[in-house]
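Novice: One letter stands for each residue in the lines below.
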Amino acid sequence: MQNRFLPYLLTLPSLFLAAVVIFWPVWDLIQISTHEVSRFGQLREFNDFANFAALAADPDFMAALWRTGQWTVLVVGGALLLSIPVAMILNTDFYGRGVARVIIMLPWAVSLTMTAVVWRWALSGESGMLNSALIGLGLIDHNIQWLASAETAFPMQVMIGILVTVPFTTTIFLGGLSSIPDDLYEAAALEGATPLQQFREITFPLLKPFINIAIVLNTIYVFNSFPIIWVMTQGGPANSTDILVTHLYKLAFRIGKLGEASAVSLVMFAILLVFTMIYVRLAMREQRA
Amino acid sequence: MSLAKWTVGLMAGMSMLAFAAQANAGEVRVTVAEYSAKTGPYFESVKKEFEAANPGITVKFEVVPWEVLLQKLTTDITAGTNADLSIIGTRWLIDFVQQDVAEPLDTYIKPDFKDRFIDTFLSPSIMDGKTYGLPIAASARALYYNKELFDKAGIANPPATWTELQEDARKIKALGTGTFGFGLQGKEIETDVYYYYAMWSQGTEILNKDGTSGLGTPGALEAAKLYKSMIDEGLTEPGVTSNNREDVQNLFKQGKVGMMITAPFLSNQIKDEAPNLKYGVAAIPAGPTGARGTYGVTDSIIMFKNSKNKDEAWKLLDFLFTTEQRAKFTQGEGFLPVNKEEAKMDYYVNNADLAAFTALLPDARFAPIIPGWEEVAQITSDAMQKIYLGSAEPEAALKDAAAKANAVLKK
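These protein sequence lines map, in sequence, to chains F and R. Going by full-length UniProt numbering, the first residue of the first sequence is number 1, and it counts up by one from there. Going by full-length UniProt numbering, the first residue of the second sequence is number 1, and it counts up by one from there.
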């Protein structure tokens, strides 16, 4: 008998911590989002999900929802596509590999906000480094106003998002690659497999579990990522680069609609929860098969 | 990374702290906004001087960047861990009064104390006949112009009207040296205000007499068309929607922009960063009927209703609003004097820049005292950005914005 309860007993402290850190705030959010709420968070009466209805009727929210999807897919996908070759190169033995690894990892060491601030300066229309570099190289003949409209600002933000996601993703893949035994490649080479075949038949299948982890973790991080977009454009001009989390910040702390902001927060939580559950299910079924 | 979780986590943490943090007797906690690098050191010296003069009272200043001030106050008040005193934007005051978190100061204010203030600046903090805040910082906006560029372009005087301003901008553009006539702000805080300068000169107010939004009026449309035509003609800096106030100020400091409208603190910045720049300060241009308006802003320091040390907090307020303290703060930050005695000091009387600002005060409009003002401002800024970008026609964008603003105003 004792043995059956022991594991539960042992996990109780961490469960309790999780409850305080996760469940309680979520419960709080549910409370705030379903009630009339004052400017400073005092709850009033239950309001029949009016906050959620307001969101559904708000074109800015819908646009931000759609853009969050694009943002997440592009940044996570881009980081993935870039990280696999980078990790493979860094996994081979070459002179200066240590330095190369450090360089790839460096963006990770800088705070996201600082990175975004530096890019904001670099992308400045009249005195930005990027424009002077491009003009110096003769690629453009007049300054591009990178952050003036979403057409140029959003792709830039996605690019920076990819840049700062690569180090973490590469680290995961490096770990994955080092777990693949070298004999496999030697045997394959002996049988006359080309590098491309080796990648398709050995590297990629064995790397799959790591790719899955990278997708899940990066999706959660990127979906919720605030600093890059906030620092560079604050979701503007005219909300055209807003994602859900910047939209939420404006609702809560600029305009003071804590109820609607909590509703956005819950929607985000639900999306991530559903995504993670479906994805983990799929990935695990695949592994079992 | 996850802001949402971070925020709720913070709120949760704060409310737990609420049980732990008992205010010490005789301790006054003050949340202050960081206006510049000089703010922190100034309040440090206040702490020293005040504590020396008032044994038994300790003061704790929390210096918070302006951008996160409202967020901090919201979370603090929600959790009940707010300070005794706080600086707030006076335009937020109505929310604080309606939610019953601000203490009326009338029981403390003696007539001679009230008499220290210039009325224009004290009145925005008075609501329903009660004084809820004291103006700790005051500012207005005026037109800065680059004298060197004006000389080169053969312009003798700063523009008195918007038509003249357009003419001058054309002449500066014609110099062809990579300089821009008029610096137009199109990003972040006060994007809406930059538009109001043109709107006020058309005789249109932010709110019509019946309390509806002024954005739907012909005057508002004229003003939007004016800015849009200047952008299209290349009279402004390119990429208007990527430049916030600081960006435009930087262009002005670099001598790349002929004219811009901003606050008196630009003079202080120029003194420090571009001492060789020759510039002047003039009135904001008038419209066809001679109407003109500048934006007046005050920040108020308020006392919270739940403060446990109100008498001590009041002593500190009394100290902060002595002429000597006021002069030190105002001159360091480059604000306008709110104190009558202070305004008579040589520093202000002999300062041509500041004189231009104070001369504009009769035309000053303060942010209207309505709940939901921040949302109306946001709606206006968004509409302006769409117009500047050309992604919406001025007429349609303004009509849409007016409808949205009216929906907020009706609540």
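Please keep in mind that the hints were generated in silico from the structure rather than gathered at the bench. A couple of the hints might just be wrong.
Distance windows between CB atoms, simulated [unchecked claim]:
#1 E273(R) to A53(F): 44 to 54 Å
#2 A54(F) to V349(R): 46 to 56 Å
#3 D232(R) to T113(F): 55 to 65 Å
Output of the computed footprint for chain R on chain F, the stretches with three or more beta carbons under 8 Å from beta carbons of chain R [to be verified]:
#4 192-205
#5 208-218
Simulated crosslink set (BS3-like; lysine-lysine; CA at most 27 Å straight-line) [unchecked claim]:
#6 K404(R) to K257(F)
#7 K253(R) to K257(F)
#8 K257(F) to K47(R)
#9 K225(R) to K257(F)
Keep in mind it's a predicted model, so treat the numbers as computed, not measured. Built from N, CA and C at the ideal position, the CB exists for glycine as well.
Novice: Given the proposed pairing of K225(R) with K257(F), does the C-alpha separation stay at or below 27 Å?
Specialist: Violated. K225(R) to K257(F) sits at ~32 Å, over the 27 Å cutoff.
Novice: Hint says 44 to 54 Å; check whether the CB-CB distance for E273(R) and A53(F) agrees.
Specialist: holds (51 Å)
Novice: Within 46 to 56 Å or not, the Cβ separation of A54(F) and V349(R)?
Specialist: holds (53 Å)
Novice: Has the given pair, K253(R) with K257(F), been kept, meaning a C-alpha gap of at most 27 Å?
Specialist: Distance of about 38 Å is beyond 27 Å: violated.
Novice: For a C-alpha distance cap of 27 Å, please report whether K257(F) and K47(R) respect it.
Specialist: At roughly 36 Å apart (the allowed maximum being 27 Å), K47(R) and K257(F) break the hint.
Novice: Quick one: see if chain R covers the segment 192-205 of chain F, three-plus residues with Cβ-Cβ under 8 Å.
Specialist: violated (count 0)
Novice: Starting from K404(R), check that the Cα of K257(F) is at most 27 Å away, please.
Specialist: holds (16 Å)
Novice: Do three or more residues from the segment 208-218 of chain F put their C-beta atoms closer than 8 Å to C-beta atoms of chain R?
Specialist: violated (count 0)
Novice: Kindly confirm whether 55 to 65 Å is satisfied by the beta carbon distance between D232(R) and T113(F).
Specialist: About 36 Å separates the Cβ atoms of D232(R) and T113(F), which means 55 to 65 Å is violated.
The structure fails to meet hints 3, 4, 5, 7, 8 and 9 from the earlier list, while all remaining hints are met.
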